[in-house]
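Student: Chains as they are written, first to last, in UniProt numbering: chain A, 1 to 904; chain B, 1 to 174; chain C, 1 to 286.
Any given hint could be a false lead.
In silico DSSO-like links for lysine-lysine, alpha-carbon gap of 30 Å or less [what the hints assert, rightly or not]:
id: 1; chain 1: C; residue 1: K83; chain 2: A; residue 2: K612
id: 2; chain 1: A; residue 1: K347; chain 2: A; residue 2: K301
id: 3; chain 1: C; residue 1: K104; chain 2: A; residue 2: K612
id: 4; chain 1: C; residue 1: K104; chain 2: A; residue 2: K617
It is worth saying that the hints were derived from the structure and are not from the lab.
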Amino acid sequence: MVSKLICIVLFSSFLFTVNGLYEDQAGKFDWKQNYVGEVKFSSIDVDVTTKRLYVATKKNVVASLAIDTGDIIWRQILEKGPEGSVELIHPTKSKIITVSGVDVVKVRGWDVKDGYLHFEWSTETNNVLYLFVFNGLLHNVYSSNNLIAVDTYHLETGVKGKATYTFPAHWFSGSDRCALSSGSLACFDVAGKLNIGSLIKSNNDRLSLDIIGDKIEAIPGSPIPAFIITNKNVEKLVYVKENTIHLRSLTKRSSSFIYTYMADRHILLQISSPMQDTIVTEGSILEDSTVIESLSSKESKSTLKISNPRISSAFCGRSKANTVNCVALVSTHDQSLMLLKIPGSIKWHREESLTNIINVELVDLPVSDIEAAIEKEFGNKESFLDHSVSTGAFSMFVRRLFSQLQQLRTLFETVLGIIETPSKTTGTKSNLVRDQFGLHKIIVAVTSAGKIFGIDNLNGEILWTVLLCGVGTFYENKVNGLPSAPMHLQRNSKHLSYSPMCTLLLKSEDSENTVLFTFNPINGESKNGVTQLPYRVVQAVPLPILNIESVRSLILFDSSNSPHLYPADVPLSSKPPPVYIYIANPINGLLQGFTVDVPISGKEFSAKEVWKTQFNKPTQIIAIGSRDAMEHVHSQGRVLSDRSVLYKYINPNMVAILTLAPDTTHKSVLTLHLLDAVSGIIIYSVVHKRATYPIHLVHSENWLLCSYYNDKTRRTEIASYELYDGNQLSNSTDFSSVGGSLIPPIVEKQAYILPGFLQAMKPTITEKGITSKHILMATTTGHLLEVPWAFLDPRRPLGEPKEEGAIPYIPELPMLSESMINYNKSLMRVDGIYTTPSSLESTCLVFVYGLDLFYTRVAPSKTFDVLKEDFDYLVIIIVTTILLVSAYVTKNLASQKALKQAWK
Amino acid sequence: MTTVKSKTLKWTLDFTRNKHEKSTDNVSPPGYSQSAGQNGTELTKDSESSRLIIKKSWDLALGPLKQVLKVPMNLFIMYMAGNSISIFPIMMVGMLIVRPVKALFTLQTTFKTIEGTQAWGQKFIFFIGNCVNIVLALYKCQSMGLLPTHASDWLAFINQPTRMEYSGGGFVLS
Amino acid sequence: MVTILKRILNTMNYKLICLFCSIFSSIYCSDSSYDSISDVYLEHELIPNAGFTKRSSILVNLESRNDVVSISTINDSDIQLLKQLAFKNELYRLKVTVRTLSGKETHFLTFTRACLIVGSKLNDILTLHLDHLDSPFAVNLATTSSNCNSFDELNTNNFTTTVFFRRPETSPVPDTATYIQKMERERDAREKGKSNNNKSMLGKYWMYILPLVIFMMIAGASNPEARHVPLNCCIPKTLAGCKVIVSIASATLQSLKINFLNCIPSGSPIADNASVTNTSPSELIL
């Protein structure tokens, strides 16, 4: 009874460590940015009362944006994956109708004002080729039994039309040689002739044209059937008007858009971007090629970085001065979205590629000049290898004088108001200096659109962008088919005489070889940053030591298993310890380990295969969980209730390998292997039967969490493992994996039920590892949960507590509303969570990316190392002064009195 | 000698003595005994005072031990204080330790006035007594869990072992 | 570590017998499936980067998974090469091919430091890791000793190889059944506890009252002697005594309060609060 009561007390005390946010703290340390994704379809509503844009995106989002600002007015998120992919949008007076899905076509009508769902109907379809809307009817073009058939449905009710038009399928030569525009299908036949036929009515009339082309594309959103035919980089425009085919050659490589201006007149708008920061538009009358002067413009903006712009939708009108002007929604190849006023300017610009972040790094800012001078003066040899700090008394004195003079000058300037104090200006270059607690950093985000962003972590402002156009393409992640961008921070901002350096591994656009792109993560500048390598890199591993230029060299492992060093010519500062590299092939289940002995010169070395593990077919490696390289484990053990120590098994070389194999009896079998990456020894393996996706793995300190969907019990479970050495410390000073201990570690295991579905999971990390660990979990409901690891501890006791502070075992994990650190800011479609330590031991910085970007900071053990925000400095100053003054006054009074008494 | 006669009754004054038995001297005041005075001074000077000093100094030397054993106050307080760590038990234990340690440090000044054949023994006993007190306090500390005798108390001082090999890698880039 | 080694060495002889048993059983036992009997073919590299040479071949049964001890002899020139390898502190690489009788081959590679092989007098341990379908996916090599110095004392030509098998463990499952049982037990205990609660105050808290009475008695008895105690000792002692009295009094008060609160029917919020604040009496004192 008493123990239970103690447990309750302990439990409730733990509840309070989950610190919620006060109302006034909302938005103080965090920001959230909403995005919609790369625009697929759009429509402009120029009604003066609404003035809106409607977009459907590749992220399966239907949204409405304000024309003037580009802000999201409402946003609806459809199903994930192909089931929710929007195939068509059709604006009506009061509704936006979307058609989505692949095998089951779902038609939904959204209210234009607030995005409420008005109606929904669905129909099952097969072999759908095209979908289009004509006359309020949804036309579904599909192939069946050598026929091209068209079914019609009433768009709002889903009532199937009587007629099914059929066309002979022989002239449909495959979807890559055909295009559909405005209800007309254009196909190249075998002879290379272009046939265009209407699918709206059941006639076999076909227009044909003799033209040679490699590629045919429909002009999106065109009111009349119009196609672009490409033949050896020469583009021609083919359009149908009044049942005749017209051909018009296009002069420049640009993207076209046709707008119905008057009943029989169409405007051809062309847009191109000859340079990354320039947009050129041209307008002409489609029918007679008359150039409209007012629509020809050239727009340049230095902060702009775009490629291949394309008009998604446009609206043109006649101004008071009797000239034609247009508003065009332009989406670019790098997935940015902007509203262009022609003639005029870019009204707003959204970087929608931030919904496709594939790699993130938070980079420390460099110290300010004044601090740099101080650092130089007191610079310790360890972190400032690059300085030849002279230790002579006189030179130190001179340097001290100089730095203090500089400090004095900046002080005067600040006082006189020549320069503003750094706290007032944000985002400017001069302000990008490290703060006292290391909370201000730069988020370097690589997106799958080939654009790198530098984002200020305090306010979410984009500081710089770099377009990887023409540099290279991304590697592909074989496990999920997404692009992957291995990025290594080779030199951080701590080295004063060198600028920080970040390297991205890319594939060459014209060969299989690798391209290295090196840039400065603080300003995005890249001087001679592109290095073409004569081989293909299959793995890049940073060395544990720096070279003499303070660069963390990379061992590049090429496809013929020979290692190279990058940068190649610079010798290392000391002889590195042997490095073991493991390479996992997800498809054939092969794991190999190599040893590389890098000489101090960094030249001419080779790799030797030392271990090989082969998973049996059809087992696939689906995830590798390695500890964060920055992670420190402060405590080497755990104190038990009898005050003895259970030592942690901390093997820095241990990685967790997750394999998934289909099984006849258990559907699928998920196996977790703990592998020593140096010796290739399997430390432990455990089988989870009937476990399927979504699978997430977390590996930190001496524990692992593996979340999966249990197909048998139909719920998300989290298996928790913890490794211990036992009551004796095995070796205290050195840790070697080669020829190591035969005794396997003690593995504690337990499973928990999570009432929800996970999108991402990540542990917090702090600088010294003293602060307790919390797990951040993004659920499909849009919450970001901060769960203390103590809740997931496999040693949570069912009976008597094994150690102090252990919470009794409860199978279901609590999802407390106080522990949702994103409070009411739901985060949808989370792709990943990034955590990084700040200079404050208590604080961990968190960046969540996906459809929305969210940044916050968490303090798992509360902010024990800073004063509270509402700490009353004034009161403490007043109290101390009063005490000091009164002490002096009373002292004098006392001495006077003593004197008087002595004379009595 | 009258004094010899009235030896048994020291404080009795015999008024029933015969008048004719006149004494040659004046009668001593009641309670006055000449011999006692004469002999007493010598005794006090030689043996009585030193015996007292020795007794007093033994009292002093045995003080710490008496504190522990004769009057079980400390033991009782310690028992009642319990093993939970809060401000009052800590203060008590602190006092228990500090007092004998202080006494040990001021050993010389305490025994400055005392000289004699038994001084060494007394000092030794005093020392032992204080040691017993300290041991008792340490035992209390031990039972309260304040002594760093367990491996867990030294856990924070264990450093992370240095790595002999480094490893890295991951999925093959393709 | 040492104990494990002893255990291994003690079981060596037993395992020698076992080896023959297992070989015989694996050949003659018709129960085990055809594919479970596998040949483990070992090749080692004695000159760095010069290729692998044959060491030995061991027959194992992947279904019965009995530990196998195999002894194989290598020639003197190989021993010399091995010593050189150990002397140069090179790695000893072992290529393992597991071949089932049906002809399915899987290649593995494992290594250790050569000096460990020599230092352990050619006693090594091969661990065959099997997946959930009992087919091997990894082979690990280890030695019986971590001695890396005395490789001049090598006086044997025989490799003594022990083959162990490791299968993956089964995953933990959320332990809902035990948890529910525990909850039920606790509920029962609570109900039982409620019925026991109506004892008299004296009956329940005698352990606090008794020391109080004893203390009073002692205090009373020691009072006449107080004169003899030096003054400087007296103050802290009595002060401490006062504190104890106060503390005991407060504990008694507390217990009274608890007793009072226990009279309130359960379920009312006050009673719940009381049960939370009811910590152990030793904590209440001071």
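Student: Each hint needs a verdict: does it hold in this structure or not?
Tutor: Results for each hint:
1. Restraint check for K83(C) and K612(A): satisfied, since their Cα atoms lie roughly 25 Å apart, inside the 30 Å limit.
2. Restraint check for K347(A) and K301(A): the C-alpha separation of about 12 Å stays at or below 30 Å, so the hint holds.
3. Distance check on the hinted pair: K104(C) and K612(A) sit about 17 Å apart at the alpha-carbon level, within 30 Å; holds.
4. About 12 Å separates the Cα atoms of K104(C) and K617(A), which keeps this hinted pair within 30 Å; it holds.
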